[in-house]
Amino acid sequence: MIEGNIELQTVLAKLELNRQKIAATQKKGYLFIALGIAVVIAGFVMGLPVPAAVAGLASLIYGGVVLYKISDELKAYKEAFKIEVIGAALRSLDKSLTIEPYKGILEYEFENTQLFNQTADRYNTEDLVSGTAGATGFYFAEIHAEYKTEVQTKNGTNTEWHDIFKGIMFAADFNKNFKGVTILQPKDLFSTMGAWFSKNLFSFSNKDVISLENTAFSKTFITHSTNQVEARYILTPAMMERILNLNHYTKSTISLSFINSKIYIAFPLSRNYFEAPVFKTLSNPDLLNDDVAVIKFMYEIIRELDLNTRIWGKT
Amino acid sequence: MFALIIIGVLLVIAIFFYNSLVGKKNQVTNAFSAIDVMLKKRFDLIPNLVEVVKQYTNYEQATLSKIVELRSKAVSGNISDSEKASIDAQLSGSIKGLMVNVENYPDLKANTNFINLQSTWTESEEQIAAARRTYNSAVTDYNNAIMMFPGNMFAGILNFQPMVVLTTAEEERKNVSAKDLFNS
Chain A
129 MIEGNIELQT VLAKLELNRQ KIAATQKKGY LFIALGIAVV IAGFVMGLPV
179 PAAVAGLASL IYGGVVLYKI SDELKAYKEA FKIEVIGAAL RSLDKSLTIE
229 PYKGILEYEF ENTQLFNQTA DRYNTEDLVS GTAGATGFYF AEIHAEYKTE
279 VQTKNGTNTE WHDIFKGIMF AADFNKNFKG VTILQPKDLF STMGAWFSKN
329 LFSFSNKDVI SLENTAFSKT FITHSTNQVE ARYILTPAMM ERILNLNHYT
379 KSTISLSFIN SKIYIAFPLS RNYFEAPVFK TLSNPDLLND DVAVIKFMYE
429 IIRELDLNTR IWGKT
Chain B
3 MFALIIIGVL LVIAIFFYNS LVGKKNQVTN AFSAIDVMLK KRFDLIPNLV
53 EVVKQYTNYE QATLSKIVEL RSKAVSGNIS DSEKASIDAQ LSGSIKGLMV
103 NVENYPDLKA NTNFINLQST WTESEEQIAA ARRTYNSAVT DYNNAIMMFP
153 GNMFAGILNF QPMVVLTTAE EERKNVSAKD LFNS
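Residue numbers (the working numbering), protein chains in the order written: chain A, 129 to 443; chain B, 3 to 186.
One chain only, chain A, in its complex shape (with noise of 0.2 Å):
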């Protein structure tokens, strides 16, 4: 990607004389608060603690201010960085495809997929790159949507946190006409029992239990839907075997919803794609491989569950 790309070259050589500038005054601002602590600590083992604390107390702050002096500085680079180098590797893969770096998914439209069971109580979204791979737009963007419990113990309330869902989420227009709502999830034995209770007994749900000719696929996905006949006309057999193709190429079960005549598809991921190295060099060769390994994956999606493909009568 970046061999015998000039723009990249170009850019990624102005940006590295402000990485290398950002890197020596963080390292001096970690230096002088290390230097502060130690001189806290051995002012108290040699019976010092009141001129030791004063002259360690001024490294801490002198140090602090280095840091936050050059955090401004820091935030522009990170910035730069995501526009100008990511935004260029994507233009060399799609002249439509954009990135915005502070705008990401709602969480009103995470929500609104219906994946994922729990309210979050923080929500955070980020890098929104957007586009179209022929004729279908799509955009996709990363998310940590977490919840919290709170337990009371001795010394008060301890608050965890907990993800709902860390990774990338995925949303393009469906190349299919649909009304209702059908949502594939991960197979595990908890929501395994829920469908066997919901099938047999009793369901509170607005959605059934899809069961599929294709046991591979049963195997990995809990289908619910809103509309039976309309569950399988979107998950065709051979849509059933793309969708188990794409799996394939993570770790984590995916999860897909069809709604509002989108699909959308989170994929859990623990990276952090999009930013810029502060203490590794910006020359590297293989610097841009895994996030231009994960643009080119999702772009390619179209093509994998051929969406492009637009016979049915929607445009």
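Bear in mind the hints are in silico, worked out from the structure with no lab data behind them.
This one's a predicted model, so the numbers in the text were calculated from it and none came from an experiment.
Treat each hint with caution, since some may be false.
[What the hints assert, rightly or not] Label-pair restraints from in silico Cβ distances:
hint	chain 1	residue 1	chain 2	residue 2	range
1	A	Thr-281	B	Gly-10	40 to 48 Å
2	B	Val-102	A	Thr-226	49 to 57 Å
3	B	Val-102	A	Gly-265	27 to 35 Å
4	B	Gly-10	A	Tyr-275	32 to 40 Å
5	A	Asn-252	B	Gln-163	51 to 59 Å
6	B	Ser-67	A	Thr-381	47 to 55 Å
7	A	Ser-380	B	Ile-159	41 to 49 Å
8	B	Met-149	A	Lys-223	55 to 63 Å
9	A	Gln-137	B	Asn-50	52 to 60 Å
10	A	Ser-411	B	Val-102	55 to 63 Å
11	A	Asn-400	B	Gly-10	52 to 60 Å
12	B	Phe-151	A	Glu-403	53 to 61 Å
[Stated by the list, open to error] In silico DSS-like pairs for lysine-lysine, Cα to Cα no more than 25 Å straight-line:
hint	chain 1	residue 1	chain 2	residue 2
13	A	Lys-155	A	Lys-142
14	B	Lys-27	A	Lys-335
15	B	Lys-42	A	Lys-307
16	A	Lys-307	B	Lys-111
17	A	Lys-294	A	Lys-206
18	A	Lys-203	A	Lys-142
19	B	Lys-111	B	Lys-98
20	A	Lys-390	A	Lys-294
21	A	Lys-307	A	Lys-149
Each residue gets a CB set at the ideal place from its N, CA and C atoms; glycine is no exception.
Once you have looked at the hints, place chain B on chain A.
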């Protein structure tokens, strides 16, 4: 007291199983009517399709009139479900052949009306396929329920019989050859 509770629990379970069995049977009927609805939708496309094709082509009149004839037979109402299915299979074959033959008529191929009809036809084809799969899945669910314990006890009492799943008609499995269709 203990015995009463056990009887109560058993009764509740029995009610649930009975209801779920009846529910499954109704689901089969429901799924079948979904196929019917989709078929009707498809049959309704035929007059328009034939009209548009007539405007641009002057032969295959025989095929076109055969299609119209089949269609009117299908919507006449006094035919059995299996007859309807067989008419649909024949119609599908004829229309598929027609679509292949359209390649020879660039004007027709470029007609917006025809393009719309063509995509609606493809749409309806997949919708019918989906409805048939839904029906088969409902039948499988129902058959499983009446053959497995404890459903088989109720099925025996209520005289619920296993049902047959739909299989693809022989004509649909074959690749349609336009030549065969129009030369017949």
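query = Any hints this thing doesn't respect? Which numbers, in order?
reply = 2, 16, 21
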